[in-house]
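Visitor: Chains as they are written, first to last, in our numbering: chain A, 1 to 351; chain B, 1 to 351.
Don't read these hints as lab results, they were simulated from the structure.
Treat the hints with care, since some could be wrong.
Within a straight-line C-alpha distance of at most 30 Å, the following computed DSSO-like cross-link-like pairs (lysine-lysine) qualify [to be verified]:
{"id": "1", "chain 1": "B", "residue 1": "283", "chain 2": "A", "residue 2": "127"}
{"id": "2", "chain 1": "A", "residue 1": "270", "chain 2": "B", "residue 2": "215"}
{"id": "3", "chain 1": "B", "residue 1": "283", "chain 2": "A", "residue 2": "69"}
{"id": "4", "chain 1": "B", "residue 1": "129", "chain 2": "A", "residue 2": "269"}
{"id": "5", "chain 1": "A", "residue 1": "269", "chain 2": "B", "residue 2": "215"}
{"id": "6", "chain 1": "A", "residue 1": "69", "chain 2": "A", "residue 2": "314"}
{"id": "7", "chain 1": "A", "residue 1": "51", "chain 2": "A", "residue 2": "13"}
{"id": "8", "chain 1": "A", "residue 1": "69", "chain 2": "A", "residue 2": "18"}
{"id": "9", "chain 1": "A", "residue 1": "283", "chain 2": "B", "residue 2": "51"}
{"id": "10", "chain 1": "A", "residue 1": "270", "chain 2": "B", "residue 2": "270"}
{"id": "11", "chain 1": "B", "residue 1": "185", "chain 2": "B", "residue 2": "13"}
{"id": "12", "chain 1": "B", "residue 1": "283", "chain 2": "A", "residue 2": "18"}
{"id": "13", "chain 1": "A", "residue 1": "283", "chain 2": "B", "residue 2": "18"}
{"id": "14", "chain 1": "B", "residue 1": "69", "chain 2": "B", "residue 2": "269"}
{"id": "15", "chain 1": "A", "residue 1": "225", "chain 2": "B", "residue 2": "18"}
{"id": "16", "chain 1": "B", "residue 1": "230", "chain 2": "A", "residue 2": "215"}
{"id": "17", "chain 1": "B", "residue 1": "270", "chain 2": "A", "residue 2": "230"}
{"id": "18", "chain 1": "B", "residue 1": "314", "chain 2": "A", "residue 2": "283"}
{"id": "19", "chain 1": "A", "residue 1": "270", "chain 2": "B", "residue 2": "129"}
{"id": "20", "chain 1": "A", "residue 1": "183", "chain 2": "A", "residue 2": "129"}
{"id": "21", "chain 1": "A", "residue 1": "160", "chain 2": "A", "residue 2": "18"}
{"id": "22", "chain 1": "B", "residue 1": "127", "chain 2": "B", "residue 2": "270"}
{"id": "23", "chain 1": "A", "residue 1": "230", "chain 2": "B", "residue 2": "314"}
{"id": "24", "chain 1": "A", "residue 1": "283", "chain 2": "B", "residue 2": "160"}
{"id": "25", "chain 1": "B", "residue 1": "13", "chain 2": "A", "residue 2": "283"}
{"id": "26", "chain 1": "A", "residue 1": "160", "chain 2": "B", "residue 2": "283"}
There are 2 protein chains.
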Amino acid sequence: MEGEHSNMMLPNKQVVFKNYVEGYPKESDFELRSSMISCQIPQRSKGLFVKNLYLGCDPYMRHRMSAHKSKDVALLVSFQPGSVIIGLGVAKVIKSANADFEEGDYIWGMTGWEDYSLILNPDGLFKIKYTDVPLSYYAGILGMPGLAAYIGFNNVCSAKQGDIVYVSSAAGGVGQLVGQFAKMKGCYVVGSASTDEKVNLLKSELGFDDAFNYKEGSDFAGALKRHFPKGIDVYFENVGGSMLDEVLLHMNLYGRIAVSGMISQYNLKKPDGICNLFCLISKRLRMEGFSELDSRHKVPEYLEFAIQLIRENKLVFVEDIAEGLENAASAFVGIYHGRNVGKQIIQVSTD
Amino acid sequence: MEGEHSNMMLPNKQVVFKNYVEGYPKESDFELRSSMISCQIPQRSKGLFVKNLYLGCDPYMRHRMSAHKSKDVALLVSFQPGSVIIGLGVAKVIKSANADFEEGDYIWGMTGWEDYSLILNPDGLFKIKYTDVPLSYYAGILGMPGLAAYIGFNNVCSAKQGDIVYVSSAAGGVGQLVGQFAKMKGCYVVGSASTDEKVNLLKSELGFDDAFNYKEGSDFAGALKRHFPKGIDVYFENVGGSMLDEVLLHMNLYGRIAVSGMISQYNLKKPDGICNLFCLISKRLRMEGFSELDSRHKVPEYLEFAIQLIRENKLVFVEDIAEGLENAASAFVGIYHGRNVGKQIIQVSTD
């Protein structure tokens with residue numbers, strides 16, 4: 001490999017961020033560019049040259065497409081117009097100037113939406129240890145979405161056996177895992193999703209006790225009443241906005257709301273106003289945001305936990321795989337319209 | 001006493017709730033009624049006949065003046081039009097049919113806004129043990145407001161030395177104590193209030209490091225920037241609404257918001273919409289409502305803690321005492337306009 005690639009220029013397809021977005025992202029906000037990339041790693045760098053295999057379409061990425069100055073969370077810092085999209089993905093090491101990685105290793109972490117990436121600082125990358133599962137899993141169930149579900153459910157929800165758990169965006173990468181973790185804990189789990197197909201998936205494949213299409217009819221309050229006749233003890237929040245506002249009214253005393261995402265809000269100029277926060281007092285609710293970024297040290301623990309369950313078929317994961325960088329933009333845009341069934345992944349190459 | 005009062009009818013001034021209120025309560029929503037009350041305790045009741053001394057004007061009471069069905073919190077159940085106002089107060093036992101209380105005991109707990117009350121179920125009442133402090137304190141610093149500050153600060157804020165703490169409605173019955181508890185913990189404490197007089201009180205009497213008049217000028221965001229150049233670690237929430245929305249933007253990573261009250265919202269038909277909840281995720285905030293009602297078992301612990309500090313002048317309490325049931329309505333109405341300086345109390349009688 002070393003000899004084969006060193007100093008070589010390789011054709012490199014890239015998905016480039018065109019300019020700051022307002023409202024929903026459109027395919028035209030991305031440009032597919034053909035260029036060449038040198039596989040030379042700069043001297044004195046401890047970088048890697050990798051071939052990208054799978055890229056995750058993660059809802060948070062929309063924040064990076066707005067012009068703003070976020071100082072609190074690196075993952076929310078705006079993309080530079082004209083630069084390649086960066087996100088969580090799975091790649092294969094082609095060349096390494098880093099003692100922790102070797103040619104041929106598979107890694108996951110932040111990489112570019114392109115055929116090949118030069119990663120100058122591989123500090124945040126993880127080497128993939130188990131390859132007896134689909135490699136794409138490291139952009140989903142075994143990557144950050146999996147960790148988010150694990151951390152969010154275990155550290156924030158304080159769920160106990162018998163609790164009634166509501167998961168929104170339940171067929172998504174995080175939601176489908178939260179539902180399964182909650183079932184393992186002995187909870188009664190209800191999920192909502194945006195199509196009947198996903199609702200069926202939740203009930204037939206993912207082990208949810210109940211599920212509903214929140215877009216069916218206009219009476220979301222009525223749906224909550226029907227599906228939660230005894231109220232909600234734990235709400236795992238992926239949606240935000242008016243859904244959150246209504247859920248607050250259906251929470252039980254001492255309920256907990258783990259705030260993982262608010263996908264309904266990311267494309268709005270001004271977020272929806274939430275009017276029912278007095279429920280926090282009247283019902284003594286705890287509402288807590290979290291980020292799996294704070295728990296990267298838990299990756300090994302989570303990995304051992306999850307890989308075992310996956311091998312035993314006790315934990316399943318539904319992916320929606322778009323093939324080729326040509327389809328990256330439409331796949332990404334689709335997640336904000338609920339077009340994906342399961343975790344949206346872009347397959348750049350299989351190896 | 002027994003002989004003196006048994007079967008006797010006594011003249012009894014009462015503050016009666018006229019009808020459900022929309023918007024701000026007005027003095028005309030109350031009626032001062034002169035009636036007679038029998039000091040006879042019904043047979044088989046374990047009740048008390050008490051003389052009311054001090055009544056607390058507590059912001060939550062506004063909820064009871066609206067027509068609604070609250071099932072979660074007894075204290076939020078609507079008053080019946082035509083019935084006497086019920087609230088937390090201090091009283092003296094005139095007659096007792098209960099083994100736990102004797103004639104002459106002082107008690108605090110739920111009582112009526114009237115000269116005398118027949119309390120059929122004294123289960124929730126506390127006998128007053130220490131009378132070397134003003135008895136009115138049991139409607140404030142040594143009663144539920146004190147417990148709210150203690151529980152809210154200690155159990156919800158997770159404050160540590162050096163934390164930057166913001167207390168809104170800081171000159172109120174709860175806020176002034178939270179500020180002092182936070183100082184004892186070694187925090188940097190800033191309070192806001194609605195007049196310069198109260199701001200001075202916070203700085204000169206109540207030991208706040210800094211304080212500001214949030215009604216001065218229209219630039220609340222600018223005020224937060226000036227008074228919290230390093231952001232806010234802990235927000236003790238008494239106000240809600242647009243204040244909360246702005247505070248969210250000024251919270252630091254891993255900040256905590258203890259939600260004790262939302263006085264700005266109680267008179268609105270539709271509460272303000274809070275738009276900045278995404279900060280819960282981006283800053284990993286915890287926002288938690290609580291009620292001192294859940295911690296009544298902590299009353300003895302809190303009492304021993306506070307009484308000692310009061311005796312040593314290490315904990316002070318500012319009261320705003322209105323004299324006479326004639327002034328009850330205006331005192332109560334005043335708290336929603338910030339007219340009280342310190343905890344608003346109604347003195348019915350001194351003994």
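Visitor: Give a verdict on every hint.
Guide: Hint-by-hint comparison with the structure:
A hinted pair counts as satisfied when its Cα atoms are at most 30 Å apart, and residue 283 of chain B with residue 127 of chain A qualifies at roughly 28 Å. Between residue 270 of chain A and residue 215 of chain B the alpha-carbon distance is near 25 Å, which keeps this suggested pair within the 30 Å criterion. Note on residue 283 of chain B and residue 69 of chain A: the hinted pairing holds, with a Cα-Cα distance of about 14 Å set against a maximum of 30 Å. Between residue 129 of chain B and residue 269 of chain A, the direct Cα distance comes to roughly 58 Å. Violation of the 30 Å bound is thereby established for this hinted pair.
Taking the CA atoms of residue 269 of chain A and residue 215 of chain B, the gap is near 28 Å; set against the 30 Å cutoff, the hint holds. At most 30 Å may separate the alpha-carbon atoms for a hinted pair to count; residue 69 of chain A and residue 314 of chain A exceed this at roughly 42 Å. For the given pair, residue 51 of chain A sits about 12 Å from residue 13 of chain A by alpha-carbon distance, which is consistent with the 30 Å threshold. The hinted pair formed by residue 69 of chain A and residue 18 of chain A meets the criterion: a straight-line CA distance of about 18 Å does not exceed 30 Å.
Under the criterion of a C-alpha separation no larger than 30 Å, the hint pairing residue 283 of chain A with residue 51 of chain B is inconsistent with the structure, at around 33 Å. Between residue 270 of chain A and residue 270 of chain B, the direct Cα distance comes to roughly 19 Å. Compliance with the 30 Å bound is thereby established for this hinted pair. Between residue 185 of chain B and residue 13 of chain B, the direct Cα distance comes to roughly 45 Å. Violation of the 30 Å bound is thereby established for this hinted pair. Straight-line distance between C-alpha atoms of residue 283 of chain B and residue 18 of chain A comes to about 28 Å, which keeps the hinted pair within the 30 Å bound.
A C-alpha spacing of about 28 Å is found between residue 283 of chain A and residue 18 of chain B, which places the hinted pair at or below 30 Å, so the restraint holds. For the hint linking residue 69 of chain B to residue 269 of chain B, the alpha-carbon distance of about 16 Å falls within 30 Å, and the restraint holds. Our distance criterion of 30 Å between C-alpha atoms is broken by residue 225 of chain A and residue 18 of chain B, whose separation comes to about 34 Å. Among the hinted pairs, residue 230 of chain B with residue 215 of chain A is inconsistent with the structure: their alpha-carbon atoms are about 43 Å apart, more than 30 Å.
With a CA separation close to 26 Å, the supplied pair residue 270 of chain B and residue 230 of chain A stays within the 30 Å bound. Restraint check: the Cα-Cα separation between residue 314 of chain B and residue 283 of chain A comes to about 34 Å, which exceeds 30 Å; the hinted pair is violated. A threshold of 30 Å between alpha carbons decides the hint, and for residue 270 of chain A with residue 129 of chain B the separation of about 54 Å lies outside it, so the pair is violated. Pair hint residue 183 of chain A plus residue 129 of chain A holds up; C-alpha atoms about 28 Å apart against a cutoff of 30 Å.
Restraint check for residue 160 of chain A and residue 18 of chain A: not satisfied, since their Cα atoms lie roughly 47 Å apart, outside the 30 Å limit. About 40 Å separates the Cα atoms of residue 127 of chain B and residue 270 of chain B, which puts this hinted pair outside 30 Å; it is violated. Under the criterion of a C-alpha separation no larger than 30 Å, the hint pairing residue 230 of chain A with residue 314 of chain B is inconsistent with the structure, at around 47 Å. For a cut-off of 30 Å, the pair hint linking residue 283 of chain A to residue 160 of chain B stands: about 26 Å separates their Cα positions.
Proposed proximity of residue 13 of chain B and residue 283 of chain A is contradicted: the alpha carbons are some 35 Å apart, above 30 Å. Distance restraint check for residue 160 of chain A and residue 283 of chain B: the Cα-Cα separation of roughly 26 Å lies within the 30 Å cut-off, and the hinted pair is therefore satisfied.
The structure fails to meet hints 4, 6, 9, 11, 15, 16, 18, 19, 21, 22, 23, 25 from the earlier list, while all remaining hints are met.
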